[in-house]
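Novice: So the sequence lines, in the order shown, correspond to chains A and P. For the first sequence, the positions run 1 to 196 when the numbering used here is used. For the second sequence, the positions run 1 to 206 when the numbering used here is used.
To be clear, the hints were calculated from the coordinates, so they are not data collected in a lab. Hints may contain errors.
Restraint ranges, calculated between C-beta atoms of paired labels, are given here [what the hints assert, rightly or not]: (1) P:Leu197 - A:Asp39: 29 to 35 Å; (2) A:Trp65 - P:Arg101: 29 to 35 Å; (3) A:Glu160 - P:Glu104: 37 to 43 Å; (4) A:Gly193 - P:Leu132: 52 to 58 Å; (5) A:Ala187 - P:Ala201: 26 to 32 Å; (6) P:His74 - A:Glu73: 27 to 33 Å; (7) A:Asn133 - P:Lys129: 45 to 51 Å; (8) A:Ile66 - P:Ala125: 34 to 40 Å.
Glycine included, each C-beta is placed from N, C-alpha and C at the ideal position.
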Amino acid sequence: MDTLNVLLMGFISVVLINNLVFTKFLGICPYLGVSGRIDMAFGMGMAVTFVVTLSGTLTWMIDNWILMRLGLEVTRYVCFILVIAGAVQLVEMYVRKFFPSLYESFGIFLPLITTNCAILGLCLFLNLWMIDNLLDAVVRSFGAGIGFTMAICIMAGIRENLKMADVPECLKGAPITLITAGLLSLAFMGFAGMIR
Amino acid sequence: MSSSSDAKAAPYSQTLLAGLWRENPVFRLLLGMCPTLAVTAAVKPAFTMGCCVIFVLLCSNVIVSLMRNLLKPHLRILMFTLTIATFVTVADLFLKAFLPRMSETLGPYVPLIIVNCIIICRAEACASKNPLVVSIIDAVGMGVGFTLTLCVLAAVRELLATGKVFEVQLMPEAFVPWAAMSMPVGAFITLGLLLGLVNAATGKKA
Chain A
1 MDTLNVLLMG FISVVLINNL VFTKFLGICP YLGVSGRIDM AFGMGMAVTF
51 VVTLSGTLTW MIDNWILMRL GLEVTRYVCF ILVIAGAVQL VEMYVRKFFP
101 SLYESFGIFL PLITTNCAIL GLCLFLNLWM IDNLLDAVVR SFGAGIGFTM
151 AICIMAGIRE NLKMADVPEC LKGAPITLIT AGLLSLAFMG FAGMIR
Chain P
1 MSSSSDAKAA PYSQTLLAGL WRENPVFRLL LGMCPTLAVT AAVKPAFTMG
51 CCVIFVLLCS NVIVSLMRNL LKPHLRILMF TLTIATFVTV ADLFLKAFLP
101 RMSETLGPYV PLIIVNCIII CRAEACASKN PLVVSIIDAV GMGVGFTLTL
151 CVLAAVRELL ATGKVFEVQL MPEAFVPWAA MSMPVGAFIT LGLLLGLVNA
201 ATGKKA
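Generate coordinates for the entire structure from the input sequences, incorporating the hints supplied.
Specialist: Here is the structure:
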């Protein structure tokens, strides 16, 4: 029961309170690029969730079971980025084979997941938060992906409506998206007091 | 630059200036947003971050430019990433050793330079096609442009959040600090408004 509690808390904290997009500024590039339409945003979110869960788990295992035991922490970043690149390659091949239309609509953004800061960022945060058991690491990685999906879908919903709004010429596109993101992040600050 | 002959004739200063304004990584290309937003709560970390990026950008551009003829197309990106990761490790260890407090403030955003789109974009768009000198100049231009942008954004935020810039009191005593500016909200909104301002100033349509 106690473990379950800890896991649940970890999950909620990473989805709502430490949301990667709104509080850690991670994954802003796809967030600005793909959040135009809600179905694409959801697809992107799912792809990121899958990759982040996979690579979060793998990098945690490599970091804790191999690098730390051998004293090779210096090579941590190189190892992390290799694992992530591999995981992205896997997902790309899978999506291209089984969902060609989704693959078309992703365009450049799928290979770009490799350079999505949300993924590497989470792997680094797992290390920083001193997560010390595998299950917790898996749950938090998954939660980070869900948090990202939620953020990007909320944004896509707002942007679909924003098309009809009368935005000043110079603020169209990225600027108004950033300002909207700011307001959303203000809203998400309300979750901060939920758990310690 | 309209044609390739122009590009060849263009002096090095053109390449240098491109990064500073015409192709400014943050304002014009919208690259490297994550560190831009994350480290700009005050000018000092923003400046340190900018220096790290210049260092990594310079080193990786040099290496990529030197090995550009050896690269196999499908392994290109992987080699870029590994080169960048190596230099980021160097920068990170340097900060940890000599500026431990700054290293703590910047936290995971220093290793996150690895996935900063600016660096991989310059490696791909410039260093893998151009000789050494052009790559170096391009790296300096882009890096300085990025640093300046970070500092401008950080200065606005620090001024409104604390009334100080670089620890120097600029606002009158009666000024009530806007705490929100040092939080994520401030980052998003300031950058959004600055982008709008740049768009308005240059008459660019989104």
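Novice: Verify the CB-CB distance for Asn133 (chain A) and Lys129 (chain P) against the hinted window 45 to 51 Å.
Specialist: Holds, at about 48 Å.
Novice: Just to be sure I understand the hint, the distance between the Cβ atoms of Gly193 (chain A) and Leu132 (chain P) should be within 52 to 58 Å; is that true here?
Specialist: holds (54 Å)
Novice: Between His74 (chain P) and Glu73 (chain A), is the Cβ distance one that fits in 27 to 33 Å?
Specialist: holds (31 Å)
Novice: Using the beta carbons of Glu160 (chain A) and Glu104 (chain P), state whether their distance is inside 37 to 43 Å or not.
Specialist: holds (41 Å)
Novice: Regarding Leu197 (chain P) and Asp39 (chain A), is the given constraint of 29 to 35 Å on their beta-carbon distance met?
Specialist: For Leu197 (chain P) and Asp39 (chain A) the Cβ distance comes to about 33 Å; the hint holds.
Novice: Given a hint of 29 to 35 Å, does the C-beta separation of Trp65 (chain A) and Arg101 (chain P) actually sit inside it?
Specialist: Given a distance of about 31 Å, which is inside 29 to 35 Å, the answer is holds.
Novice: With 26 to 32 Å as the target window, see if Ala187 (chain A) and Ala201 (chain P) comply at their CB atoms.
Specialist: holds (31 Å)
Novice: Take a look at whether the Cβ-Cβ distance between Ile66 (chain A) and Ala125 (chain P) falls inside 34 to 40 Å.
Specialist: holds (36 Å)
Going through the hint list in order, the structure satisfies each hint without exception.
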